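Can you build the whole structure from these sequences, using the hints too?
Protein chains: 2
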Amino acid sequence: MLFFMLKQLVFGHKNPDTDAIVAAIAFSHLENQLGENTEPVALGKPNDETKFVLAHFKQQAPRVVTSVADEVKAVMLVDHNEAQQSVADRDKVQVTKVVDHHRIANFDTSKPLYYRAEPVGCTSTIITKLYHENQVEIPEKIAGLMLSAIISDTLLLKSPTTTDDDKKVVQELAEIAHIDANQYGVEELRAGTNVDDKSAAD
Amino acid sequence: MLFFMLKQLVFGHKNPDTDAIVAAIAFSHLENQLGENTEPVALGKPNDETKFVLAHFKQQAPRVVTSVADEVKAVMLVDHNEAQQSVADRDKVQVTKVVDHHRIANFDTSKPLYYRAEPVGCTSTIITKLYHENQVEIPEKIAGLMLSAIISDTLLLKSPTTTDDDKKVVQELAEIAHIDANQYGVEELRAGTNVDDKSAAD
Ligand SMILES: [Mn+2]
Ligand SMILES: [Mn+2]
Ligand SMILES: [Mn+2]
Ligand SMILES: [Mn+2]
Chain H
4 MLFFMLKQLV
14 FGHKNPDTDA
24 IVAAIAFSHL
34 ENQLGENTEP
44 VALGKPNDET
54 KFVLAHFKQQ
64 APRVVTSVAD
74 EVKAVMLVDH
84 NEAQQSVADR
94 DKVQVTKVVD
104 HHRIANFDTS
114 KPLYYRAEPV
124 GCTSTIITKL
134 YHENQVEIPE
144 KIAGLMLSAI
154 ISDTLLLKSP
164 TTTDDDKKVV
174 QELAEIAHID
184 ANQYGVEELR
194 AGTNVDDKSA
204 AD
Chain W
4 MLFFMLKQLV
14 FGHKNPDTDA
24 IVAAIAFSHL
34 ENQLGENTEP
44 VALGKPNDET
54 KFVLAHFKQQ
64 APRVVTSVAD
74 EVKAVMLVDH
84 NEAQQSVADR
94 DKVQVTKVVD
104 HHRIANFDTS
114 KPLYYRAEPV
124 GCTSTIITKL
134 YHENQVEIPE
144 KIAGLMLSAI
154 ISDTLLLKSP
164 TTTDDDKKVV
174 QELAEIAHID
184 ANQYGVEELR
194 AGTNVDDKSA
204 AD
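So the sequences go chain by chain: H and W. Numbering-wise (the working numbering), the first sequence opens with residue 4 and increments by one. Numbering-wise (the working numbering), the second sequence opens with residue 4 and increments by one.
One or more of the hints may lead you astray.
The list cannot tell twin chains apart, which means a pair is met if one copy fits it or any two copies do.
Capping the alpha-carbon separation at 27 Å, the derived lysine-lysine pairs in DSS-like fashion look like this [claimed, not checked]:
hint, residue 1, residue 2
1, 161, 95
2, 144, 95
3, 95, 54
4, 54, 114
5, 170, 114
6, 114, 144
7, 161, 171
8, 114, 132
9, 144, 76
10, 17, 95
11, 114, 171
Hints in this document: simulated from the structure, not taken from any laboratory. The structure displayed is predicted, hence computed values, not measured ones.
Here you go:
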């Protein structure tokens, strides 16, 4: 008798920000290390800030999907839970896991699931903890990507949603990624402001 | 300026079973160890099985409440999330934490929160993990109570909802509580069957 893990897709919300894209990549990697068979995808193309982040860490943008039930029976959600922010045909698949830092609303399942929410500044902060809890090493590239997501969501640890957990994790990820978080963070946030480089040079 | 932790109530579902009562006691204890100010309460009186469990471990039954907004601004839920299983005036308070092993339905918050659900046999299995993650020692009495909740929810690890996590945790808690889980478990489940002792003696 043969057993195999059914493939699952992992994705963040529509109109993805850096956390939505990066948390899908990082959580999919973690789940695969733990024996699951997952692929990170996105519900839209990366914005300018996220493009900068992906290029900086030489990471391909996840495949964009607009429906999931045609290819999988189950999915994992990151950085969102509300139905209207998710894939259109989500009611046709099982949600097996959620990792998020938002309020819970318009979210219903018919079966028990893994749900991990914490009131912190960024989903990637929680995913960093999950790597530790599962004793999986964080690869340098994933550390850089998650660092970028926290910088984005917390505006370089300045937003009112920033917690001590976010600050601690930023320090740790910066070390793993060999990045100066402040210098890189300013570049990253500037990339998201959509200012034309030529005119901004003055 | 003085800071103090506002008191929060911790409770399981209406018509409480052993897990609903015990998970409130155990999670409240853990949260208080971590600096919160919580009191475990119940949305109903203990059933016969739970009475046996509380008596066995010399634990007082939690105070029964039918509303919460008159005494606190925030609450933590265990072993349930659906509004119709919860306290009547829950929409008048903030839910700050949930630990549960059921599907999510009829649950909405206006703010981010801590939500920990896992598809395991018992809430007390998850709370045991939370003690470990937070490096808080499980007192002998709380170990015995949580063991009883897992025995109850999984019918002594025989229910189809039983997972490897539940089995591992039962072993660990039995050791801490100095209990023979099988022998004690049969007694506990028998106490819940409401059979009159005299007639059952034959
Ligand atoms: Mn986001
Ligand atoms: Mn986010
Ligand atoms: Mn219950
Ligand atoms: Mn339960």
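**OP:** Could you tell me which of the numbered hints above are not met by this structure, giving the numbers in increasing order?
**Re:** Hints 1, 2, 3, 4, 6 and 9 not satisfied by this model.
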